[in-house]
Amino acid sequence: MTAGTSPAEASATVCWSCGVAAAGERFCAACGKIQPLPRGADYFALLGLTRKLVIDEDALEQRFHQLSWKLHPDNFVRASEHERSLSLECSSQLNDAFRTLRDPVSRVEYLLSQAGMRREGQNKQQAPPELLEEVFELNESLDELREARQAGGDPEAKAALGRRLENERHRFEDKLEVVDMELEGLSSEWDRALDANADQAAQRVLMDRMNETLNRRSYIRNLVQSVQKELAEA
Amino acid sequence: MGHTVGIDLGTTYSLVAYLDKESGKPQCIPGPYGDTLCPSVVSVDEDGSIVVGEPARRRLLTQSARTIYSVKRLMGRGVADVQDELKIFPFRIDPGSQNVIRVRLGERVFTPPEISAFILRELKNWAEEFFGEAVDRAVITVPAYFNDAQRQATKDAGRLAGLEVLRLVNEPTAAALAYGLHEQRRGRVAVYDFGGGTFDVSILKLISTGEGDIYQVLSTNGDTHLGGDDLDNALMDVARTEIRVRHRMNLDAQPEVVQELRKALIHAKHQLSSADRATVMVPLPDESVYMREFTRAEFEGLVQPILDRTMGPVKQALADAKLKTEDIDEVVLVGGSTRVPLVRRMVEQFFGRPPHAELNPDEVVALGAAVQADILESGVKNMLLLDVTPLSLGIETMGGVVAKIIPRNSTIPASAQEMFTTGVENQTGIDIHVLQGERELAKDCRSLARFQLRVPPGPAGLARIEVKFLIDASGILQVAARDLRTGEEQTIEVQPSYGLNDAEVEKMLEESIEHAEQDFAERQLIEARTEAEQIVLATKKSLALIDAEGPKEMPEVERLGVDAALAALRGAMVGSDYLRIRERIEELNQATLPLAERLMNRAVSSALAGKRLSDV
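Chains as they are written, first to last, in numbering that gives the first Met the number 0: chain A, 0 to 233; chain B, 0 to 615.
One chain only, chain B, in its complex shape (with noise of 0.2 angstroms):
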């Protein structure tokens, strides 16, 4: 049997880690370029073979068509449900595709979970290669908001990737579970997690017993479609607003000077998370350039009505727990968004305590997991969690009016039992739809599934079919029927509303062991090469800007120079020596250092020297 490793898949960045038995402590495990952060964006090479993480995200600056980020966004969710999300994302989605997604990259075609499955596996590869060993079993984190469709979406995502997923844990609860090991808190918690696409916030009562620690949660609530994702969108607003006016373009047909734009933005919003001003310069198609200080008063004022949304759900689960401000003995910040001073005053503010960040705000998750994973993996328990349902759960009745059967909130597992009978004489059938959601139409809920009971044929009333609903421990929806009359179990054939059914993931998962085992030589490759690609394409653009200026302005010696480790390191490209190629990109990077700096005193001030030119 393999390891058992705690994953965060999120919207903007994934995690993998492990619980070093030695140190009792868990750790994240590092990727090939030394960060434990994997950038959860997938690409699609030319000839099929997919790239992930670090070297995906480069290809939305050159390859943006066949390019993903943020698919986390689309998890769960019908084609009318993200229209909005589709005026700011740019995903392309097939124009068949309707309760489930289908994204194009290239010449293929896949769905959310299909593309979460290549970030898992990359991740499962990092922890492979860690350990040296099979890794097959992980706890993933999802956000606590999560309705099932988007729980279900993520399992098939695990199981796509060859893992079995051992539990869905709440990302909050991870969190705390993680900030309790840490630090041994006790009493009541909340936890304000602000990540990349989705805030959460979970109150927990941490209590020691005789068996060892519970954490128990009281309430949660949030918003799965708000984020750092927006902070980055409101930037982009201004700019592409100004480009338009003062530049007179519209970007709207160049993603990829559109991408450009949103990494310097991003790269903004981080420095003025320690700095009062920051500055983003981006070359436009004209060869002008957009200069643009922002300060961070401006950066918080464009912002605030975004970081005023969260403010809701946290009252919400704050009655919901039937407490006040003043019970709350800890405020945790979770998530790389609460690195945002502005999100920091304002929880602060509002629970009248200055809240705990001491634990890295992009690992916390993912260390969380990894101790849940354990517990699951060893069987030796010295804390328990108790989380909840999110949402109520309800089933339509006469006039779409929804009938709640298990309340938001409820500790999972959890279960309702329902009595249904037939209104006319020899029905044969019952429809039954199930939603999620507080609202009392079922018009206004989330459709989770529809399945008809079969009946035995009989008078109006006599058929007695009992069907328990159960959501277990992930927060997934089970369901079973049984007629009472003759106690025989009815299978359901239970058809989602927005997600893919068991044979349609068995169908992928066929597919994708035919296509995509990739030993890790071969990815490697793959990674190199598209590095390679990028650097090679940056350094003839830059050669390209210098000739324009005239032919004085790069010494003939470094000219020969940079000609030559570009000759290199095509001839290494050729090649399938991964080790080759990386040499060939240093000497590459190596020779075009001066002729970058100078390509950047030319545009700015001297203030980005140093800086290795595939990274202008």
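The following block holds chain A by itself, in its conformation from the complex (with noise of 0.2 angstroms):
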């Protein structure tokens, strides 16, 4: 591990090298020399898209290949030092852009967290009440499950146990599909309250069944999770 400094970005939209003006721009038009990223600049933008969430995988990698062949740093190793470490910063907000949006759900969560409106749940551990009987059985077999290890044991009932275990594990993935599917679903109706120009009150509105589609999902996530850790260490 190196201590480094980041290259000082500048707020000017004036190529740091010619002086011309570079606005937005990943490279000067002038003297093509590699320019800093704007002070916050957004994944979408940095990938040339507009916030929309639903997005064309294949095209979003294409796009992204072919940013890297310009930004990496493979390019920039007989480059001044400033260069090298413009490009290091281009390039590496160009993967965490990629790697972030390429997820749908991570593409939703950085969506609502640009906007200020990704609150996790106020307590992760409580369950949503629609899954509180469910949720409820699980651990029950959970607990036993781990008893049973403890005490040793008879196999069989180990394995009865462990069978009811895989099937409550595809049922929360069932549901872990569902919920995937709720994102997906209003992933569109983002896009077409966009394509309405719909008011910021109305993005509001889907933002938080987002936020709350996230949390539910999060939280679903977490029980197949355990369930699957249980099921290999047992």
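Careful: at least some of the hints might be erroneous.
Dumping the calculated BS3-like pairs for lysine-lysine here, alpha-carbon to alpha-carbon at most 25 angstroms [claimed, not checked]:
(1) A:228 <-> B:321
(2) B:539 <-> B:551
(3) B:86 <-> B:204
(4) A:228 <-> A:174
(5) B:321 <-> B:403
(6) B:442 <-> A:228
(7) B:262 <-> B:24
(8) B:380 <-> B:20
(9) A:69 <-> B:539
(10) B:323 <-> B:24
(11) A:228 <-> A:157
(12) B:540 <-> B:262
(13) B:24 <-> B:314
(14) B:204 <-> B:323
(15) B:314 <-> A:228
(16) B:262 <-> A:69
(17) A:174 <-> B:539
(18) A:174 <-> B:323
(19) A:69 <-> A:32
(20) B:442 <-> B:467
(21) B:314 <-> B:380
(22) B:467 <-> B:403
(23) A:69 <-> B:467
(24) B:551 <-> B:540
(25) B:380 <-> B:323
(26) B:467 <-> A:32
(27) B:204 <-> B:321
(28) B:551 <-> B:467
(29) B:403 <-> A:32
(30) B:323 <-> A:228
(31) B:403 <-> A:228
(32) B:204 <-> B:380
Keep in mind the hints are simulated off the structure, nothing from the lab.
All of these numbers come straight from a predicted model, not from anything done at the bench.
Take the two lone chains and join them into the complex the hints point to.
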């Protein structure tokens, strides 16, 4: 690990090298030198996208590859220290952007957090009301399995418990899929709202719904993960 | 400006390669013995000079206390990390070492990066000899699963060897690059890289675009302490137990015999890749001989548990790439240990398709490194590597829990920004602890570094310090901090948890320049003298053996011939003409051929006939 300094981000829109105006472009049109990212540049803009949520992933990847050819540090091994650090900055942002936006869930999370609308559940441990009963059952099975494992116990009973847990895992995995579809639906709704120039208030309502869906999703995903872990150990 | 090369700094062997401009193909550069493989062995002579490669490997048998192999296992690790390894590897760790291991070789003490630097310097010399010009820049490969400290240690080694390290490239990725170039492969490729001391698996996607080919790594996994060494140790276990029981002999205090045994077992392991059985025969100090036949089936039974350990990482890499085995279009085998037939069977069975092994598994990584070196050097680019970080990066939060800020398998360069503030009034510093790993608690992850952010005194929660964590294209972390209220950049004094800080590397660099710059002839002289010492020793041992059998065992004429050649070689060794020493070595070898055959016939059947005495 080495300590470094990030390149000073020029708030000006003038090329640091030749002084010609180079607003928002990755490379100066006049001298061709790599430019710093505008402060607070958002991932959508970085990949040349509007803030829509339904994205053609193949096209996104293509765009990512095109930009990678230009921005990757490979191109700047022989360039000045300043250009090298700009390339590091730009290409790391590009990679972060692609990683975040190619996944439909983290894409929604990103949109909300950029808008200051991502609020995690008050109590992450608290089950959504409609799931209470099933979660209760699941926890019971998990406890039984843990107890059986500690006690040593009869292998057949443990196997039966394992099968029961397996079933419940499938049930929750199905729920995860349903939530993902909900999120997909909301994403399309968001895009339509943008197309229709929906006002701020309408956007906020949609974002709130997305936020609630994300919280439910993360709760179910944690459940699935803990069951998977428990089954792997058993 | 000098040449740029690609270097595979391996656990057992290291290689150096370059891109031949005429053919457009990468080539490995041979060393003074004509071989492209340089044993990763370093030995320190009594006069303090350094011997590297083949002559150093021979010294394992005669001067094991001055000689070290598999030093890669110590790179970027602390004393506490290597306790298990110390039971099976004869590393002599200096008692003063803690978070940077110091190894004792004879009278001198070195850190692992310094020892690796000797190997790199040797390869640099090979290349300079080959080009007739200076070589000062390199791409060096590392196991994909190397953590930040192990990478930094490798980079330090390069710097100490007088090389500007343009990039560290992951070994499986380098292999894929060499394969892609060779075979024009497309689609999804799994690289199974089982080397001397490390295991890696990488899943890549090869894409053709208008600009050229992109090698995008989707996921990687591995074990940086799993390799052919472990197969050798499994055989060693069997042999040493049998020697203890049958010959009532403990070899703990006999490092030379242990090395002799190890050499014989490795030879048997190699034979078992093509033969069904192999015999090991090692003379023991009490004049008896340890003789043992291994069948391939027995060998496979012994190493199966070790090879099974590679499958967990393979499954994890596939899962992380969100792929199933049937989504994989090609499987590529890399690393000398993939010559073991059982490895091939396991890989074929798992992926349901025969793996590729057309390119020399020892050379392919170095060849890929040479391709990448050329891309970086020439700026002419028709391919692009997009690699990933193998381990999640996190920072310690309340209660020793790790908050992940860059997930594993993120394309590098990758970054994360975190905001920090104070918890109590007039707090002047915020301590940051950076870790790498997948576990939830800091104590289960790898500590990378600690540093402190400076905060101007004020009410709690007022400060706004933004810290940027950036993993560069070599997989090495950089940190920068900025006070958002003043806009001021903060320089951070990072104290690596395992590794040398900048000042230490700088100091070593000065020392190495003062001490170690030997010219080519001088090095040749050392190597020739070492070899001469060994053959003189071996000849004397053989003569004593034959004399013990009675005076009639060796014709007078032959005896006189050997004595004369021996005297001539000793004469040459006093001088400083290495060519002359080499000639005399060859003469002595010729003179002792009948003697060697006689000794071998006596011990065994005719299987070993025709070998030189120094090989026995």
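Hint check results:
1. Restraint check: the Cα-Cα separation between residue 228 of chain A and residue 321 of chain B comes to about 18 angstroms, which is no more than 25 angstroms; the hinted pair holds.
2. Distance restraint check for residue 539 of chain B and residue 551 of chain B: the Cα-Cα separation of roughly 18 angstroms lies within the 25 angstroms cut-off, and the hinted pair is therefore satisfied.
3. In summary, the hint linking residue 86 of chain B to residue 204 of chain B is not supported, as the alpha carbons are separated by about 40 angstroms, beyond the 25 angstroms threshold.
4. With a C-alpha separation of about 18 angstroms, the suggested pair residue 228 of chain A and residue 174 of chain A falls inside the 25 angstroms cut-off, and the hint holds.
5. Restraint check: the Cα-Cα separation between residue 321 of chain B and residue 403 of chain B comes to about 20 angstroms, which is no more than 25 angstroms; the hinted pair holds.
6. This hinted pair checks out: residue 442 of chain B and residue 228 of chain A have alpha carbons roughly 20 angstroms apart, not beyond 25 angstroms.
7. This hinted pair does not check out: residue 262 of chain B and residue 24 of chain B have alpha carbons roughly 34 angstroms apart, beyond 25 angstroms.
8. Restraint check: the Cα-Cα separation between residue 380 of chain B and residue 20 of chain B comes to about 14 angstroms, which is no more than 25 angstroms; the hinted pair holds.
9. For the given pair, residue 69 of chain A sits about 66 angstroms from residue 539 of chain B by alpha-carbon distance, which is inconsistent with the 25 angstroms threshold.
10. As the CA atoms of residue 323 of chain B and residue 24 of chain B are separated by approximately 33 angstroms, the hinted pair breaks the 25 angstroms bound.
11. Using a Cα cut-off of 25 angstroms, the hinted pair residue 228 of chain A and residue 157 of chain A holds, with the two alpha carbons roughly 16 angstroms apart.
12. A distance of roughly 19 angstroms separates the Cα atoms of residue 540 of chain B and residue 262 of chain B; the hinted pair therefore holds under the 25 angstroms criterion.
13. Distance hint between residue 24 of chain B and residue 314 of chain B is unfulfilled; the C-alpha atoms sit about 34 angstroms from each other, more than 25 angstroms.
14. Between residue 204 of chain B and residue 323 of chain B the alpha-carbon distance is near 14 angstroms, which keeps this suggested pair within the 25 angstroms criterion.
15. The straight-line distance between the Cα atoms of residue 314 of chain B and residue 228 of chain A is roughly 16 angstroms, inside the 25 angstroms bound, and the hint therefore holds.
16. Restraint check for residue 262 of chain B and residue 69 of chain A: not satisfied, since their Cα atoms lie roughly 50 angstroms apart, outside the 25 angstroms limit.
17. Our distance criterion of 25 angstroms between C-alpha atoms is broken by residue 174 of chain A and residue 539 of chain B, whose separation comes to about 80 angstroms.
18. Note on residue 174 of chain A and residue 323 of chain B: the hinted pairing holds, with a Cα-Cα distance of about 23 angstroms set against a maximum of 25 angstroms.
19. Distance check on the hinted pair: residue 69 of chain A and residue 32 of chain A sit about 11 angstroms apart at the alpha-carbon level, within 25 angstroms; holds.
20. For the hint linking residue 442 of chain B to residue 467 of chain B, the alpha-carbon distance of about 23 angstroms falls within 25 angstroms, and the restraint holds.
21. Under the criterion of a C-alpha separation no larger than 25 angstroms, the hint pairing residue 314 of chain B with residue 380 of chain B is inconsistent with the structure, at around 33 angstroms.
22. The suggested pairing of residue 467 of chain B with residue 403 of chain B holds, with an alpha-carbon distance near 14 angstroms, which does not exceed 25 angstroms.
23. A hinted pair counts as satisfied when its Cα atoms are at most 25 angstroms apart, and residue 69 of chain A with residue 467 of chain B qualifies at roughly 23 angstroms.
24. A C-alpha spacing of about 18 angstroms is found between residue 551 of chain B and residue 540 of chain B, which places the hinted pair at or below 25 angstroms, so the restraint holds.
25. Distance hint between residue 380 of chain B and residue 323 of chain B is unfulfilled; the C-alpha atoms sit about 32 angstroms from each other, more than 25 angstroms.
26. Taken as a hint, the residue 467 of chain B and residue 32 of chain A pair is honoured in the structure, with Cα atoms around 24 angstroms apart against an allowance of 25 angstroms.
27. Simply put, residue 204 of chain B and residue 321 of chain B have alpha-carbon atoms about 12 angstroms apart, close enough for the 25 angstroms limit, and the pair holds.
28. Between residue 551 of chain B and residue 467 of chain B the CA atoms are separated by roughly 81 angstroms; this puts the pair beyond 25 angstroms, and the hint is violated.
29. Using a Cα cut-off of 25 angstroms, the hinted pair residue 403 of chain B and residue 32 of chain A is violated, with the two alpha carbons roughly 34 angstroms apart.
30. Note on residue 323 of chain B and residue 228 of chain A: the hinted pairing holds, with a Cα-Cα distance of about 20 angstroms set against a maximum of 25 angstroms.
31. Distance restraint check for residue 403 of chain B and residue 228 of chain A: the Cα-Cα separation of roughly 19 angstroms lies within the 25 angstroms cut-off, and the hinted pair is therefore satisfied.
32. With a CA separation close to 18 angstroms, the supplied pair residue 204 of chain B and residue 380 of chain B stays within the 25 angstroms bound.
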